[in-house]
Amino acid sequence: MTALVRHPRFRRWGWIVIGALVLVSLGRATLETGPPRTTAEQVRVIGATLKCPTCRSQSVSGSDSAAAKAIRNEITQRVEAGESADEIRTAISATYDDVQLIPKASGFEGLVWIVPVFVLILGFAGVAAGVARWRRATTRHATEADRILVNKALDER
Amino acid sequence: MNAALGTAGVVLGFAASFLGVVTLAVGLRQKRPRLLETGWSYSLLALLGALIAVVAMQRALITRDFSMGFVHDNGSSRTPPLFNVATMWSALEGSILLWVLILTGYTVHVARKFRARLTDPLVGMALLVMLVVGAFFFLLILGPANPFTTVSVPPGFDGPGPNPLLQEHILMAIHPPMLYLGYVGFTVPFAFAIAALATGRLGEGWLVETRRATLTAWGFLTIGIILGAWWSYEVLGWGGYWGWDPVENASLLPWLTGTAYLHSVLVQERRGMLRVWNLSLLCATFSLTILGTFLTRSGVLESVHAFSDSDIGVWLLSFFAFTVAVTLGLIGWRGDQLRSPGQIDSPLSRESAFLVNNVLFAAFAFVVLLGTVFPLIAEAVNGRGVAVGPPYFNRMTVPIGIALLFMMAVAPVLPWRKASTELLSKRLFWPAGAAAITAVVTVALGARGLGTVATFALGAFAGAAALRQVVLATRRQGWRGFVGRANGGMIVHLGVVIIAVAIATNGHFLREIETSFEPGQTLTVGGHEITYLRTVVVEERNRTATKVSVQIDGDRIYEPALSRYDGFGSLIGTPSVKTGLREDVYVTVTRLPEGVDGPVVLRVIIQPMALWLWVGGGVMVLGTILAAWPGRRRVPTDPVSALISLDDPVPVPPLRGSE
Amino acid sequence: MSDLEDQRAFLLRSLEDLEREHDAGDIDEQDYGALKDDYTARAATVLRAIEQGAVRVAVPVRRRRSWVALGGVVLFALLAAVLVAQGSGRRDAGDTLTGGIRQSSTEKLNEAGRRGSEGDYAGGIALYDDVLVADPDNREALTYRGWYLFLSGKRAEGLTQLLEVATAQADYPDVHAFLAVVFDRNGLSAQALQELRLLDGLDAPAYIRDIVVPLRDRLEAAASSTTTVAVTGGG
Amino acid sequence: MSEVGAEPDRSDELPGPVQQGRPMVIVAVALAVVVALLIAVLATRSPSGERSRQSPLLGRPAPAIVGTTLAGDSFDLAEYRGRWVVVNFFATWCIPCVQEHPELAKFQARHAGTGDAALVSVLFDNTADEAQGFFTENGGDWPVVVDEAGAVGVDYGVARVPESFLVAPNGIVVQRLVGGVTAAEVDDLIAQYEGAPE
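Sequences listed follow chains A, B, C and D, in order.
Heads up: the first sequence begins at 249 in this note's numbering, then just goes up one per residue.
Heads up: the second sequence begins at 99 in this note's numbering, then just goes up one per residue.
Heads up: the third sequence begins at 10 in this note's numbering, then just goes up one per residue.
Heads up: the fourth sequence begins at 2 in this note's numbering, then just goes up one per residue.
Chain A on its own, in the form it takes in the complex (with noise of 0.2 Å):
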């Protein structure tokens, strides 16, 4: 058995598995939905969207002030109308100012979605710039007075 297991090409096989195993469930993850929400679940998923307007940086679903709860029953009807999170979100900030917790794609609200991608993307590059710097182009050979020398200055130490 173990024999079998470090045989190669019992290995690459493996491998071959394993990626197939692996691209398949995260597909059927990815394109099947799961589950059916309560009226609960997305009244809690729409208001962790939306900003508590008496609060200190909580969420609707976060609060428990009156206002909150008041803008949770809003949600809860609506969601029972059967309106989208989108429809009930715009309706929200059509009474609320400010109350959008998720930045706007565009514009100068679009700058703190574009920027770390921006950032994260230029550290890559530059420690793959570091990577290739850093590398020596050629290796070296040592020659036999070069080994004489070192060995000696290691058994010094």
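In short, the hints are calculated from the structure, not lab data.
Each residue gets a CB set at the ideal place from its N, CA and C atoms; glycine is no exception.
Hints should not be assumed to be uniformly reliable.
Here are the computed lysine-lysine pairs in the DSS-like style, where the Cα-Cα straight-line distance is at most 27 Å [claimed, not checked]:
#1 B:K524 to C:K163
#2 B:K676 to B:K645
#3 C:K45 to A:K400
#4 B:K211 to B:K129
Far from chain B by the CB rule (all over 10 Å, computed), these chain D residues [said to hold, decoys possible]:
#5 T69
#6 T70
#7 G73
#8 G114
#9 D117
#10 Q176
We have chain A already, so just place chains B, C and D on it with the hints.
The following block gives chains B, C and D in isolation, referenced to the frame of chain A:
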């Protein structure tokens, strides 16, 4: 009397720190060892000052000395003894006092540890930096955050007590000290980093000497963050544990840069690279603790946890600017000496994996910092506020987290210098198999969503890789295989995997229902039987609590409540949680019954694996302890996959100093 | 420690580490040989340099900066970042990439109405002009433009415009409501009543009907008796 | 300082460190600039406590308020067209609301006779019972609309009581008043709008 004693303590501490700074500076400049040796006495005096101040504060709190400003504002005769002690760090002034106590404690620890080498400029400079920080915080207490003011009180006066939210749970008594032990602990490696820059001794010596201090600080910060999340879960009744609140972000930022440092420091020790980067990370970590304190204490940002506002902001911001200016100046000045002798031998090696890991951690920290301060930037530019909330942080950090999980699986099995694909294929085979099986099983069990399933699979991958290392190490070394940085680190990885899986499970399988219960009615939610028994109004000393008795699974009675605190406005909900290995049943009251027999509206949240968040935190802390375990000095350069028996003579690398 | 000694220590330590890593099975025979050879040669160079009393070895500065590569990376990063932003950020109706709001006609109409109700008639008129450039027959823009002209003092101009709309698009209720008010202010009660009748024949929104309630009451009262009832307020 | 060039053919392969002197300074300066800007932004921010009086409702028709009052009558805001209406959101547990109460009573008394302006209170996170007790004790004979679910509050975007909205006779919301109001303040506002060119 208490106020006078406290002020005396603070003055003593400030004087000791300030004089210590001057003496050490003169000693360093004129190379006078006699002066450098006084660092020990000054550190002790500073600690003594802080101790006196804290004792005075505690004494005032215990005796309810309302003539002292801090007790007048935050104390109350109704506060139970434990929370009375904790009242000290429930408000700004007292928490700065705690900060100073911990900081002077660390200073004395450093001075004691290096007492034989106090005349070494490196140690002298490090002590000087710590005393500078200490002097600043003592100054804060004397200036804008003075708890020792005196007020005249009418007879029979009783204070309001600490913020009610802080009195709800015992965790609030231990969470802040843990957090501060972590925050302040990073001052030690920071001081040595500055000392290394200032003295030009930029080798690897100082790294090794501060290794345990760094690990300790990191461990405490981890405990602090986990306890904070736990408190949030148990006390704030919204059913979550992490809300990307500015205060939470402020604690996460130094943790992220600190974690990046713990990894990249290995590259420097082992391969002699990344000197500037490591110094920068330490300086960033320290600066971020100051910036975080500013953000949460100055009131510029809205936060649930910011329980006090004051004009301390200018001071903290100035100190932050000073810190950054000094570090950047030093790095710019010493730039040419910071060249590292090391080089990368192959892109497929552990050092490159650590580079990628560091980019990811830095990006993570950047996202958190940007998201936290962006509302202020937008307001300054556009004149109009922008809310940046949890959806932003989740969308940006989850991919980074998943990438980190992947690196966590691959990096530990990668050897230094150069790896062959054959070696990787051999070592990663079983972990990858575990990942594939996990992916299949979780999808079969109903998990959906790329991020969720990827987290499960990569969690198994990283967990199996970490287990493999631990098993190999214990097979070779017996119980010693658990001890030491490499092996302890693997235990920490296991803890991280547990937390990652718990977060993914909790987010994906959480079930919530909000429904109305008649008295005596039983409803089944997610397989749990919930019976509403009765509602009782309890008049307590500082609040009117309406407690709803609920029986879960025929088990004991749980009592979620809605309370109206005196003078606190709106109703505050307190959840009640039935904790289980598989899942928690989390009950909060949404609407109280009208009259005695009316129906009550309850929110029931089934929280899968919530317990494992805290268990994972515990495992991380255990791993940190194992990594920092004092014992026979371990070589920092043990090979990766197979540890050499300690019975063999091990060549000790030529590092300056010893731990 | 000088630069060279630093390097000597590092290279010798690396050689020792390499041995142990090789013993532990971390490194292939082939890689081991190549790396050991390389480290040895480099260490020897440094050792010789130290013997000769040098302080540092000359390091060539490689400046093969490729601006093209840098530009490419920056462009790619920018593109990816914008795509991520588009995918993750919130997009409101009418947002442009730069955040300037490319208002649809409807939004402009709403905005103009808001301006007008705040007393900024000139602003409202300008917005209606914008709408009319794209849609010259927009009855809402034409009507409210006329109304705002009237309100801002250009009475004749406003009246002309309202009359034009009332002729061209007689089934638009709003215009009749405004005409009724305009006629009334000019003392033409009969024509005002006439407009109100026309309005009654149309399916007017509540908002419009409410506007003319006080006017109608007064006019009808005046028509039925000679007494005038004063009505306070007004829209 | 002598430099080794004994083996020039090999010199570019020496274990030399990467030259980093100048780039380091550039990076340090760039970082310093960024941090300085950040500090400037942070230093100039006022505390977050100041709340805006902006509301997306301004200039729009007032959302409908249809409901039952404490007295048990039905209430419909639409019936108040042609009059100025102060829509006041209120809770008995809120201290500023209680402090505001006499001013509201004064405003009501001033306009009850002329009928040119009306006042309506809407309960916010308050039950009818709690409010009934308060109004019995402190007086107040204007309609108080019960809004248990908080739907009206959401329609008006009420964040923190007390909050009032001034609705013009044409049914358009013209002002959002955050915090307690005084009778004089509201009258001034009305006079201001009345004086504006129609």
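So D:G73 supposedly isn't at the interface. Is its beta-carbon more than 10 Å from every beta-carbon in chain B? Per Cβ check, D:G73 is outside 10 Å of chain B; nearest 17 Å; holds.
Can we trust that D:T69 is non-interface, i.e. its beta-carbon lies farther than 10 Å from all of chain B? At roughly 16 Å from the nearest Cβ of chain B, D:T69 sits farther out than 10 Å, so the non-interface label holds.
Whether D:T70 stays farther than 10 Å from all C-beta atoms of chain B, as the label says: holds, 19 Å
Given hint B:K129 paired with B:K211 - CA-CA distance at most 27 Å: holds, 22 Å
Measure nothing beyond the straight line between the CA atoms of B:K524 and C:K163; if it is 27 Å or shorter, mark the hint as holding. violated, 87 Å
D:Q176: least C-beta distance to chain B exceeds 10 Å? D:Q176 is indeed farther than 10 Å from all Cβ atoms of chain B, at 20 Å.
Given as non-interface: D:D117, partner chain B, CB spacing beyond 10 Å: The claim holds: D:D117 sits with its nearest Cβ about 35 Å from chain B, beyond 10 Å.
Within 27 Å, alpha carbon to alpha carbon, are B:K676 and B:K645? Holds, at about 16 Å.
Proposed proximity, A:K400 with C:K45 (alpha carbon, max 27 Å): Distance of about 15 Å is within 27 Å: holds.
D:G114 non-interfacial with respect to chain B [C-beta, more than 10 Å]: Its Cβ never comes within 10 Å of chain B, the nearest being 36 Å, so this holds.
Consistency note: the structure conflicts with earlier hint 1 alone.
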